[in-house]
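Enquirer: Okay, here's what each chain looks like letter by letter:
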Amino acid sequence: MIDRAAEPLLLAEGVEVAFGGNIVLRGADAVVRPREIVTLIGPNGAGKTTLVRAMLGLVKPGKGRVQRRPGLRIGYMPQRLHIDPSLPMTVRRFLELGGRARPGAVDAILGEVGAGHVLSSPMQGLSGGEMQRVMLARALLREPDLLVLDEPVQGVDISGQAELYRLIQDIRATRGVGVLMVSHDLHVVMAKTDHVVCLNRHVCCAGHPRSVSRDPQFVALFGAEVASTLAVYAHHHDHHHDLDGHVVHDGGDGHEHGEGCDHG
Amino acid sequence: MMAGMAMNMGKGAIMDEFLMRAALAGAAVAVAAGPLGAFVVWRRMAYFGGALSHTALLGVSLGFLLGVSPELGVALTVVAAALVMGGARGVRGLSLDTLLGIVAHAALALGLIVAAWLDDVRLDLMGYLFGDILAVGWADVGWMWGGALAVLAALARLWRPLLSATVHADLAQVEGVDVRRVELAFMLLLALVVALAMKMVGILLVTSMLVIPAAAARAFARTPEGMGVLAAVAGLASVALGLGASYQFDAPAGPAIVVAVSLVFVVGVFRPKDA
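The listed protein sequences derive, respectively, from chains A and B. Using my numbering, the first residue of the first sequence is number 1, and each one after it goes up by one. Using my numbering, the first residue of the second sequence is number 1, and each one after it goes up by one.
The set of hints was computed from the structure by calculation and includes no laboratory data. All clues given are correct.
Quick list of the computed label-pair ranges, beta carbon to beta carbon:
no.: 1; chain 1: B; residue 1: L83; chain 2: A; residue 2: G57; range: 22 to 30 Å
no.: 2; chain 1: B; residue 1: A109; chain 2: A; residue 2: G14; range: 45 to 53 Å
no.: 3; chain 1: A; residue 1: G125; chain 2: B; residue 2: L72; range: 46 to 54 Å
no.: 4; chain 1: B; residue 1: G101; chain 2: A; residue 2: K60; range: 27 to 35 Å
no.: 5; chain 1: A; residue 1: T174; chain 2: B; residue 2: H105; range: 55 to 63 Å
no.: 6; chain 1: A; residue 1: G125; chain 2: B; residue 2: F249; range: 39 to 47 Å
no.: 7; chain 1: B; residue 1: G101; chain 2: A; residue 2: L119; range: 38 to 46 Å
Owing to the predicted nature of the structure, the values given are computational and were not obtained by experimental measurement. Glycine included, every Cβ here is placed at the ideal spot set by N, Cα and C.
So that you can see chain A by itself, here it is in the shape it has in the complex (with noise of 0.2 Å):
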């Protein structure tokens, strides 16, 4: 399914950025190609969201190199979204700030990011899970071919984690964007990932998740038990969540899981 071959959509190489003489991100490199999840993935502080905001152009490496292929529209949902009370905004109007949608598009997309009941919502008054996807609908509003998530499951409730990862899956598979996304959840990501960079202040190990989580630099960042407990993970999966968060299962002889489970 991957096109290994394909140009790549954006990429990092050798990204080094300092903030007031302090080297935060040295020496990294990332490619994110079409079709393509990927994830970096790392302590705080190792730099994830500073390699995405340089992959964005949003601040410049002192050295190294971020290409885009020429043309390239980016889907961006940043890490969080605060907007003062003192602001009336809609959900509608956040959607139409972004630029020119096709009408109708703004509907159609929230609700096929399942929050199209908040539409004539104040954007104060959403939930962590409504806003994240808002912020996906108004990030897929551009008709990207790439998308840049950044913990696109902060704030979100256990259940609807595993739903927006499903959903996150999905819009890949449907619509055949890149994705590009820093996540915290080591056993999502690893279920869920074509390819992991591990990222601490340098890019520690990257490659396959089955692969980086074997690799002692991974397992020295987050532990032999993280690591086994993944590997485990790897083997064991027997079901995925649906929309609503129910428990789907795919067959196979792995333990059982009820519902309301919440390691898919």
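Start from chain A and add chain B according to the hints.
Expert: Only chain B this time, still in chain A's reference frame:
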């Protein structure tokens, strides 16, 4: 409206024209400061506006010192201050908020000193600090409306990208908005409005015309544009009320306008829900 009131009081044509000019000048400030002030509120820049206006007295003094008009001195100084403070970030562990506090009062103090040094001109300090709208001439009314309309025209062009950058600067940037340029333009408009409003309410009260009408409009607005328009309306109403009260109760006009706009705000806060 002011004119009519003056007539009824039987004060004659001179008072009539005098209030008419004040009302027109005040209206110019209100229509420009309302919508721009909405952005000041949304972006939490009330303190920035205050700091900006405190530098204006330095501009007045420098204008006299260098022999150019005080208006030009104010415009240039406030624009320069806007550029410096707009580009500033926290330094050495001190927040921008603290730095603004330092810049504002240092500039005000410096302005007062330079004003005291001016031998040949007797600066009407009270007029600059608290406004002297009743002293505006027809020429003032003319350039104030010119300035106000220029600000409104520029703001109309800037509206969408500035709103987008106000909601989320990075998101706007990724979506193609030149955030730096848009914010710079906004700072310049702010500087211009401070220079305009100074004439009316004075340096120490300028921020009130930016912040209070917009805050008063919040309770009634459902869209950003609606809030901008309502802020202008609240400003206009306050100018009328304030000038009327000033005339009736012999109160200083600038402070009377600020008290009026504050009352409009309080009415907004206590209005019945879903009225």
